[in-house]
Amino acid sequence: MTEATSKDLDGKLDKVGLHMGEDDKVEWNDDNKDHPRNWGIFAKSYNNAVIWWLEFFMTAVSTAGTSTATAALKDYNVSRIMSIFAFVSM
Numbered sequence: 557m558t559e560a561t562s563k564d565l566d567g568k569l570d571k572v573g574l575h576m577g578e579d580d581k582v583e584w585n586d587d588n589k590d591h592p593r594n595w596g597i598f599a600k601s602y603n604n605a606v607i608w609w610l611e612f613f614m615t616a617v618s619t620a621g622t623s624t625a626t627a628a629l630k631d632y633n634v635s636r637i638m639s640i641f642a643f644v645s646m
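Numbering-wise, the numbering used here comes out as the position in the sequence shown, counting from 1, plus 556.
One should not assume that every hint holds.
As the list claims (entries may be wrong) - With a cut-off of at most 25 Å between alpha-carbon atoms, the simulated DSS-like pairs for lysine-lysine come out as follows:
1. Lys571 - Lys581
2. Lys581 - Lys568
3. Lys600 - Lys563
4. Lys589 - Lys568
5. Lys581 - Lys563
6. Lys589 - Lys600
7. Lys589 - Lys571
Calculated directly from the structure, the hints in this document are not laboratory data.
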């Protein structure tokens with residue numbers, strides 16, 4: 557990287573609260589308000605709640621198909637394998 561390109565990059569990074577760290581890695585500035593470590597308690601709690609809800613929801617959805625497939629064997633008159641395949645993959 558040329559000196560001019562390096563200065564341009566440093567200027568652009570500085571505008572968004574970042575800097576070029578050791579080993580040429582882009583890092584957050586310590587005082588950057590967008591850095592997750594500098595978020596307020598509400599933002600941190602909200603983001604954690606969203607992640608928790610998505611994890612809980614995906615676990616519930618992914619396990620519901622198997623139990624439904626077992627219950628639906630007689631209703632649809634299909635084999636156990638076909639029932640599990642249908643309710644888990646669709």
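*Taking only the CA atoms, is the gap from Lys581 to Lys568 under or equal to 25 Å?*
15 Å, holds
_Pairwise hint evaluation, Lys568 against Lys589, where the allowed Cα distance is 25 Å at most_ = Roughly 17 Å between the alpha carbons, so the hint for Lys589 and Lys568 holds.
*Mind checking the alpha carbons of Lys600 and Lys563 for me, to see if they're no more than 25 Å apart?*
At roughly 34 Å apart (the allowed maximum being 25 Å), Lys563 and Lys600 break the hint.
*Is Lys589 within 25 Å of Lys571, Cα to Cα?*
Roughly 13 Å separates the two Cα atoms, so the pair holds.
*Assess, step by step, whether the Cα of Lys589 is no farther than 25 Å from the Cα of Lys600, and give holds or violated.*
13 Å, holds
*Hey, Lys571 versus Lys581, does the alpha-carbon distance stay inside 25 Å?*
The given pair, whose Cα atoms are some 17 Å apart, holds under the 25 Å limit.
_Pair hint outcome, Lys581 versus Lys563 [Cα-Cα no greater than 25 Å]_ = Cα-Cα ~15 Å, so holds.
Hint compliance for this structure: hint 3 is the single one not met.
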